[in-house]
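Protein chains: 2
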Amino acid sequence: MKQPNIAIVGSGLVGSLLAIYLRKRKYTVTVFDRRPDIRKIQFSGRSINLAMSVRGWNALEKAGIRNAVENLGIPMDKRFIHVNNKKDYTQNYGKDGEAIYSISRGVLNRKMIDLAEQAGVIFKFEEKVWDVNLSEAKLYTGETEKGAWKEHKFDIIFGCDGAFSRVRHKMQRRSRFDYSQDFLDTGYKELSIPPGKDGKHVIDATSLHIWPRGKFMLIALPNLDGSFTCTLFMPHEGENSFSKLTSSKSVFEFWKKYFPDTLSIMPTLLDDFSNNPTSALVTTKCFPWTYWDKVALVGDSAHAIVPFYGQGMNAGFEDVFILDQIIEKFGDQNWQTIFEEYQISRKPNADAIAELSYRNFMEMSSKTAVPLFILQKKIEKKFSLAYPNLWIPLYSRVTFSNKPYADALQIGDIQETIMQDIMSIPDIESKWDSDIIMNKIKTRIEKLQTVN
Amino acid sequence: MKQPNIAIVGSGLVGSLLAIYLRKRKYTVTVFDRRPDIRKIQFSGRSINLAMSVRGWNALEKAGIRNAVENLGIPMDKRFIHVNNKKDYTQNYGKDGEAIYSISRGVLNRKMIDLAEQAGVIFKFEEKVWDVNLSEAKLYTGETEKGAWKEHKFDIIFGCDGAFSRVRHKMQRRSRFDYSQDFLDTGYKELSIPPGKDGKHVIDATSLHIWPRGKFMLIALPNLDGSFTCTLFMPHEGENSFSKLTSSKSVFEFWKKYFPDTLSIMPTLLDDFSNNPTSALVTTKCFPWTYWDKVALVGDSAHAIVPFYGQGMNAGFEDVFILDQIIEKFGDQNWQTIFEEYQISRKPNADAIAELSYRNFMEMSSKTAVPLFILQKKIEKKFSLAYPNLWIPLYSRVTFSNKPYADALQIGDIQETIMQDIMSIPDIESKWDSDIIMNKIKTRIEKLQTVN
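Chains as they are written, first to last, in our numbering: chain A, 3 to 454; chain B, 3 to 454.
Looking at chain A on its own, in the form it has when it is part of the complex:
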């Protein structure tokens, strides 16, 4: 196999990026997608806005397309917390100059497909893949599942077809393939804050806005056109739930009670609420991710996660980045070894970011409104500024570094144990700023380092 003939199923963000990477190696790359070309259709409005962070940028940079994408994003350097009936406040995400970037999935996807096409990738839109012959790397496409199919033979097939991947689905019917799909009780609905009359953002555009209300929350991310994409996360059933908000009247009453400050800036709320679907949130896990030297899953098809850490796309892009490193390491003749190394290297990190994302819903929706939690973040920040080598905050390790997610999870748990002890010190509110507290943390950390 000199220059393999590659098929990618799925023209989403991960599929497009992988296509660009593989074209750089001069492979023939064909991307199949059952949907129409996203550049030629109106957006469905169902997608959560993305938050690009270091892992994402890093992967784009290596592909040589960071510059082309950069102007699509709006930097958000902080959380802007809207507490009901109390004073708003902000929490910086990282150090000065560190930010996550709000970016529209649709806009980014269009750009990435353009870039891939320019690089020589062949796109086949509205070609529906119905079946995969794993051991021979063959795809079968056709108008309908029961109609006539066309066979397409490749050397390697990549499944980049998302959480409900057809390629994975085929692997899943084999023996010894572990798989799980777990839906959250919490669903989401996309809403909007339109631009002001001057065409500009009506609330601060350098922040990710959160209205934390315990079991539910509203968030808003800025768009380039002056609007914000809002997402309401809320249980499907129960006291405050989508099942209870079935009339305009009930939505309005609910909004007036919990998000009164947004009523004046969300003029289309009631229409959006009834027109936009309520969607479900799922975590999927599987193993293995690959089949011989023939098939590999990349991105959501291998590890769909809930969106609360803003890492879904970043994790998928990092898959591509790492896979490329591994191709580099082993040379591009030995795909069985490449695939084995890829799945073993990525699986623990995918599991870790799944867990962190799941946990972060509680942090965003509840804890950000709790004074003691806010203080805890302040103390951590102070310590990490004073001793940057001893303490990288969990959020920064996930968002502003390329260190493995698995380490972030493990070290984050250790940090949390230490901070719980610190926060239980009597009168911590009055003495948190003292050297004694800083030294206590330092001693704990150094002790751990000696033990390990």
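Simulated from the structure, these hints should not be mistaken for laboratory data. Heads up, some of the hints might be wrong.
Each pair may be met inside one copy or between any two copies, as identical chains are not told apart.
Okay, derived cross-link-like pairs now, DSSO-like style, lysine-lysine, Cα gap no bigger than 30 Å in a straight line [stated by the list, open to error]:
| id | residue 1 | residue 2 |
| --- | --- | --- |
| 1 | LYS296 | LYS246 |
| 2 | LYS349 | LYS172 |
| 3 | LYS433 | LYS444 |
| 4 | LYS246 | LYS349 |
| 5 | LYS383 | LYS217 |
| 6 | LYS380 | LYS405 |
| 7 | LYS246 | LYS172 |
| 8 | LYS296 | LYS152 |
| 9 | LYS140 | LYS130 |
| 10 | LYS148 | LYS296 |
| 11 | LYS172 | LYS155 |
| 12 | LYS130 | LYS172 |
Place chain B on chain A using the hints.
Frame of chain A, contents of chain B only:
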């Protein structure tokens, strides 16, 4: 809906039993199976022998078919443990008169289909169900997945089509359907001990035989024809694994080292080993188990478990028994309520027996060879005989009672904690038989009862 028209997908043990129960209510019942009539084919030899225990008998009894089945089983009242190079010993499963019953899956299945047919159930063998319309309770059958299909309309469809259920598979593609399949690293292969020259069993036929070897084990269950069905459970990969036993020579050397006492009674070992497939073991979980008032999963399709507690069939039969109780309770007009109650009642118990079954591999393959574990069982037994109201051993609660599996798991964990403390008493080997020890256990239990 006066007398619902019912379809059951799958003519296995659970499907046949459910058919009999529903026919007793005068419903029209049609059973579809993609395979040929098991009464007309030779057995595949791939099935682990079953161990019928109280839950299974109980469900057969209420269906009025216990007597018809009873003579197919061979009572096994104990484990017969073959320790390599040491003296064999036995462990009674329960009290005097309590036993589990070795029974061939194939023989039992044939009998159950006969009984169902006599009761007026319609069987459609070699009718392959390819698709299910959940909301309209329609099945689609045909020669091939891509060929012409015939539509069958029913009032209710039951999916009794096993661990890789097509009916569940259709439910799984819907949003908010949780599902997992987890394969064990341990697989299995079926082997045989034929009858002696006199046509009789060559080792004790009133026992379940175990050759525990740590990470692998051999078991043997008696058949009516004087033979034993043996199963080797062993990791797929690793030091002692199926992947290493690829030649007759390697199998023979392995056997001589670990199961030397069986060589003379397993004359077909080498042929069986190479002819019989190595199979995988899977735990599947899902929720919900039902769809509106139209579709319900029963048995393995809802909860496939590993075989180490001998409870797979018993749990499936208990599903049917409980479902029937619920139909009785709510009357047979309100199927939405019946299905809701059924899944809520059974799900925690299915999860519990899945966990207990998973854990029991360690007990069978390792602990049964450990003197301290054997002593622990002896102490528990003594205490439970002295205070039967205070202590039902875990195995008995699972096997010789109809109490919920979920309670067995929870109470079993409490008992284990107590016994761990008892076993850590210095010189427990010499003083276990004393009143002091019995009183210690009694005090612990009574204290717990006061707290709760």
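> Checked against the structure, which of the hints given earlier come out wrong?
Replying inline: none
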